[in-house]
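Line order of the protein sequences matches chains A and B.
When we follow UniProt numbering, the leftmost residue of the first sequence carries the number 1, and every step to the right adds one.
When we follow UniProt numbering, the leftmost residue of the second sequence carries the number 1, and every step to the right adds one.
Hints were generated in silico from the structure; no laboratory data involved.
The structure displayed is predicted, hence computed values, not measured ones.
Any given hint could be a false lead.
Because identical chains cannot be distinguished in the list, a pair is counted as satisfied if it fits within a single copy or across any two copies.
[Said to hold, decoys possible] Listed below are the simulated DSS-like cross-link pairs for lysine-lysine, each with C-alpha atoms no more than 25 Å apart in a straight line: (1) 458 - 384; (2) 187 - 292; (3) 328 - 285; (4) 298 - 62.
2 protein chains.
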Amino acid sequence: MQVHEPVFPPTSLFPSPSFKLATSAMDIESSSGPAQGGARAGGALARIWGRVKGVPVMAKDKAVEFATRVRKLGQDDPRRVIHSLKVGLALTLVSLVYYVRPFYDGYGISGIWAVVTVVVVFEFTVGATLSKGINRGCATLLAGALGIGSQYLACLFGKQGEAIVLASLVFLLGATATFTRFFPRIKARYDYGVLIFILTYSMVAISGYRVHELIQLAHQRLTTILIGGATCVFVAIFVCPVWAGEDLHRLIAGNIDKLADFLEAFGGEYFQCLDEINEKSKTDKTCLQRYKTVLTSKNIEESWANWARWEPAHGRFRYRHPWKQYLKIGALARQCAYQIATIHGYVCSDAQVPCAFKRIIEAPSMKVSSEASKALRTCASAIKQMAEPSCASLYVENAKSAVEELKAALGAAQLDDSVDLLEIVPAATVASVLIGIVDRVEEVCEEVIELAKMAHFKAPEKQQQQQMLHRGAVKPVVEGGGETVSVVVDVPALADRAECCTKTTEANSRAPRPDTDPPMK
Amino acid sequence: MQVHEPVFPPTSLFPSPSFKLATSAMDIESSSGPAQGGARAGGALARIWGRVKGVPVMAKDKAVEFATRVRKLGQDDPRRVIHSLKVGLALTLVSLVYYVRPFYDGYGISGIWAVVTVVVVFEFTVGATLSKGINRGCATLLAGALGIGSQYLACLFGKQGEAIVLASLVFLLGATATFTRFFPRIKARYDYGVLIFILTYSMVAISGYRVHELIQLAHQRLTTILIGGATCVFVAIFVCPVWAGEDLHRLIAGNIDKLADFLEAFGGEYFQCLDEINEKSKTDKTCLQRYKTVLTSKNIEESWANWARWEPAHGRFRYRHPWKQYLKIGALARQCAYQIATIHGYVCSDAQVPCAFKRIIEAPSMKVSSEASKALRTCASAIKQMAEPSCASLYVENAKSAVEELKAALGAAQLDDSVDLLEIVPAATVASVLIGIVDRVEEVCEEVIELAKMAHFKAPEKQQQQQMLHRGAVKPVVEGGGETVSVVVDVPALADRAECCTKTTEANSRAPRPDTDPPMK
Numbered sequence: 001m002q003v004h005e006p007v008f009p010p011t012s013l014f015p016s017p018s019f020k021l022a023t024s025a026m027d028i029e030s031s032s033g034p035a036q037g038g039a040r041a042g043g044a045l046a047r048i049w050g051r052v053k054g055v056p057v058m059a060k061d062k063a064v065e066f067a068t069r070v071r072k073l074g075q076d077d078p079r080r081v082i083h084s085l086k087v088g089l090a091l092t093l094v095s096l097v098y099y100v101r102p103f104y105d106g107y108g109i110s111g112i113w114a115v116v117t118v119v120v121v122f123e124f125t126v127g128a129t130l131s132k133g134i135n136r137g138c139a140t141l142l143a144g145a146l147g148i149g150s151q152y153l154a155c156l157f158g159k160q161g162e163a164i165v166l167a168s169l170v171f172l173l174g175a176t177a178t179f180t181r182f183f184p185r186i187k188a189r190y191d192y193g194v195l196i197f198i199l200t201y202s203m204v205a206i207s208g209y210r211v212h213e214l215i216q217l218a219h220q221r222l223t224t225i226l227i228g229g230a231t232c233v234f235v236a237i238f239v240c241p242v243w244a245g246e247d248l249h250r251l252i253a254g255n256i257d258k259l260a261d262f263l264e265a266f267g268g269e270y271f272q273c274l275d276e277i278n279e280k281s282k283t284d285k286t287c288l289q290r291y292k293t294v295l296t297s298k299n300i301e302e303s304w305a306n307w308a309r310w311e312p313a314h315g316r317f318r319y320r321h322p323w324k325q326y327l328k329i330g331a332l333a334r335q336c337a338y339q340i341a342t343i344h345g346y347v348c349s350d351a352q353v354p355c356a357f358k359r360i361i362e363a364p365s366m367k368v369s370s371e372a373s374k375a376l377r378t379c380a381s382a383i384k385q386m387a388e389p390s391c392a393s394l395y396v397e398n399a400k401s402a403v404e405e406l407k408a409a410l411g412a413a414q415l416d417d418s419v420d421l422l423e424i425v426p427a428a429t430v431a432s433v434l435i436g437i438v439d440r441v442e443e444v445c446e447e448v449i450e451l452a453k454m455a456h457f458k459a460p461e462k463q464q465q466q467q468m469l470h471r472g473a474v475k476p477v478v479e480g481g482g483e484t485v486s487v488v489v490d491v492p493a494l495a496d497r498a499e500c501c502t503k504t505t506e507a508n509s510r511a512p513r514p515d516t517d518p519p520m521k
Numbered sequence: 001m002q003v004h005e006p007v008f009p010p011t012s013l014f015p016s017p018s019f020k021l022a023t024s025a026m027d028i029e030s031s032s033g034p035a036q037g038g039a040r041a042g043g044a045l046a047r048i049w050g051r052v053k054g055v056p057v058m059a060k061d062k063a064v065e066f067a068t069r070v071r072k073l074g075q076d077d078p079r080r081v082i083h084s085l086k087v088g089l090a091l092t093l094v095s096l097v098y099y100v101r102p103f104y105d106g107y108g109i110s111g112i113w114a115v116v117t118v119v120v121v122f123e124f125t126v127g128a129t130l131s132k133g134i135n136r137g138c139a140t141l142l143a144g145a146l147g148i149g150s151q152y153l154a155c156l157f158g159k160q161g162e163a164i165v166l167a168s169l170v171f172l173l174g175a176t177a178t179f180t181r182f183f184p185r186i187k188a189r190y191d192y193g194v195l196i197f198i199l200t201y202s203m204v205a206i207s208g209y210r211v212h213e214l215i216q217l218a219h220q221r222l223t224t225i226l227i228g229g230a231t232c233v234f235v236a237i238f239v240c241p242v243w244a245g246e247d248l249h250r251l252i253a254g255n256i257d258k259l260a261d262f263l264e265a266f267g268g269e270y271f272q273c274l275d276e277i278n279e280k281s282k283t284d285k286t287c288l289q290r291y292k293t294v295l296t297s298k299n300i301e302e303s304w305a306n307w308a309r310w311e312p313a314h315g316r317f318r319y320r321h322p323w324k325q326y327l328k329i330g331a332l333a334r335q336c337a338y339q340i341a342t343i344h345g346y347v348c349s350d351a352q353v354p355c356a357f358k359r360i361i362e363a364p365s366m367k368v369s370s371e372a373s374k375a376l377r378t379c380a381s382a383i384k385q386m387a388e389p390s391c392a393s394l395y396v397e398n399a400k401s402a403v404e405e406l407k408a409a410l411g412a413a414q415l416d417d418s419v420d421l422l423e424i425v426p427a428a429t430v431a432s433v434l435i436g437i438v439d440r441v442e443e444v445c446e447e448v449i450e451l452a453k454m455a456h457f458k459a460p461e462k463q464q465q466q467q468m469l470h471r472g473a474v475k476p477v478v479e480g481g482g483e484t485v486s487v488v489v490d491v492p493a494l495a496d497r498a499e500c501c502t503k504t505t506e507a508n509s510r511a512p513r514p515d516t517d518p519p520m521k
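The following block holds chain A by itself, in its conformation from the complex:
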């Protein structure tokens, strides 16, 4: 919605350096030409001339700006360009069918439905295309059959009665079918089908054809829709397919990553009054903003999950991949993002908290947020690689023990007499919300582990496990009495981040872990 002003004031004779060279000869001519006419007339002429000359520059600027936007749009997601070419391809393919003489002789003008089907059904993702195509096909079949039945029925009422019966039926079915579109479940999955049902039924019922003509028409329409639909599905699946499921998969992983970005950058940003001003501060700030898209991604998640259900098995996804579980994870990530939004308000505010108090909570707070960030990061990369998030629980446990440290630090702070409650409340709030975030992060991790189970994500590679057996003493995971008992292993140089292990301390034991690391800077 930006209004782009021309780059120079229209009255200027020398619009822009790049243009000056090309028009300098004309400038001299025009400025020396009407010298006898007096300064006023000359000024007006010059102004008009300046404006006329401005047009190509403006046009050029607009064109450059437009080209930049087009390029950006394509660069942001190159699949957009590919999709556009695919639509062109499908249209050309279907029009070739149209040019085949025997086909044209058989179907004539009805062949146009194939083109209509391609234009209307072809969507960005395979799932959406399949959903629309199948909806369109089934609805046409059903409505066609019903329409022909209605014509039979209407015939029984004589010439006058026929029109009345048909009009009533159209009213009745049109209204009823429209009402079903308000059912949330039908709205989500069959909205387009109901629309096509009303469309086809009305067409068949109103057209005024005799029944034998109708059957031919219905047959032609169905065949051409099948040709159009098949072309769409063929091009969508076999030419650089875009899978809604894969997009959902990546979106959820990306959203969790964005939350991790915030938690990773947050400590450095919030406690920076204590350190020398970080040079990376500016780049960190974009990290602190990224979570915002998570707040409003509900609708797109739901659409993609809906389309993903229509998709056949592809790549790493089986037919009955647990897409609903992604929605669950997405909802939890969003709840986490709400709390992050609250913390973000405190990071941005300029309320001065005494550095002495900040220093007390700095180390444990940073550890909480960094461990929570690592847990989320592990979940995100586990989803991306479709591997079990083996380290996530460890990081959650670390975060929890850091929470205990943070609580201890808060408890100890009270003893200090120099602390004024009113001044420290903002920082205490940040700490408290951070503690709440750890609970959300734990829930996200649990649901990601559940997803890994449901979708049979692969276990960490055997080689890796064996390496671990050599480095530390791994006791195999024992399942007893519903509680998972497992063991911490310290493997110093395995992953890029701190430690990596199979699983972690005894479930639900809240005792401070003996091997908590010194707080990270």
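Fit chain B to the supplied structure of chain A, relying on the hints for placement.
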């Protein structure tokens, strides 16, 4: 997605009391009939018979359940039923046109486009219908003209070249137009138009007609689309219209109301450990949940604002009503809702905060939330009634002075030695986030006042103002140096809530107000 089990186990002979009476005679017959066949065969038969008998009960249950859902859907928003009837009406109207003999003789099968247009264009709101109708009409006109031009051009290349040129043009225009659909602005407003452009252009270019036939075809298609579109717009506007703008207006007011609901109920819920358990607790809890829909209403707000722009002046809304301002208010309300979500977590959690500390912050916290709630409530009802939110600023000022009291209470708490920081952190966090919420509420109020200015909401009625002049000393509002100077007036028994006034204390003066009320229970 609920799976409804049959009400009784299929093996039971006596499915349900209501069914028992009706079938008792048959039961006797069937159970006494095959007595010679032994217990086993009898048991199997009885099971099968039980199942067969179960079918009508199941069918009845399903039907009842379905009817309940249909009724609920209709009761939730009766306009849904009306909309369905309107679609039926528009379809019947357009089919009547189709039955008119001179029209049919002229257009023949092309008349079907009128029906297609009605089905495809008729939407729930007037704005959406207009948007689709205008998009469809303009796109058809443009694409038809371009298509005929392309046919002229293609003719120049001979019989063989024609097909190639046309196929290339279809590919090129199809791909380009599809790409433009990715521009966010085009996506939001002209998506359907671009779709129809591709559709019509392909149809015209591929159809293989001669040019003079094409012009006739284009003419017919345009006329029938106009008839269909006009029918839609006529029915949409003149039969119980649903205006997107009005819905947006009500949605935004409703969202603000939901936030006010939470803030009103929150104090009672959070501090209830101090009072006897409230009997209204259960109803209050639904008040605490309502804000959740605000978190995810962004998409619907944007769609409605988009459609509202297409709507003509209607009811209390002029043609250029500032719909964008509603989006601004909606976004601020959502930010407020994020913070409320954080507080809600603390209300639900069972962390035990010492009652002594809660008692210290109870009064000012409840005053903050109740005044903020009143400010929001005033804004919401001002939007609903399209009147200036005259009292909102006063309530914001009250809330701010309550914030000062709350801060003072927090400052005083430090002096007490019995307070343990760790234990009071959750309550302090709630207080701190509450203080943050007041800032958001102030922003919402400012934008609502801005909306009132932009949309020329009516000032509080003259009678009311005169009443006030009699009761208190009103100094007229003075605008000086960019700052609005105004005056507090105490009018005890005017509105239903506490005080009501014209405007409030000097802008930006942060000094505690002298006339702060005693904290409300």
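Against the structure, the hints come out as follows:
In this assembly of identical chains, residue 458 and residue 384 lie within 25 Å of each other by CA distance solely inside one copy; the values are 12 Å within and 56 Å between copies. Proximity of residue 187 to residue 292 under the C-alpha cut-off of 25 Å is restricted to the inter-copy arrangement: shortest distance 22 Å between copies versus 28 Å within a copy. In this homomeric assembly, residue 328 and residue 285 come within 25 Å of each other (Cα to Cα) only across copies, at 24 Å, whereas the closest approach inside a single copy is 29 Å. Proximity of residue 298 to residue 62 under the C-alpha cut-off of 25 Å is found in neither arrangement, the shortest distances being 36 Å within a copy and 32 Å between copies.
Violated hint: 4 only; the structure is consistent with all others.
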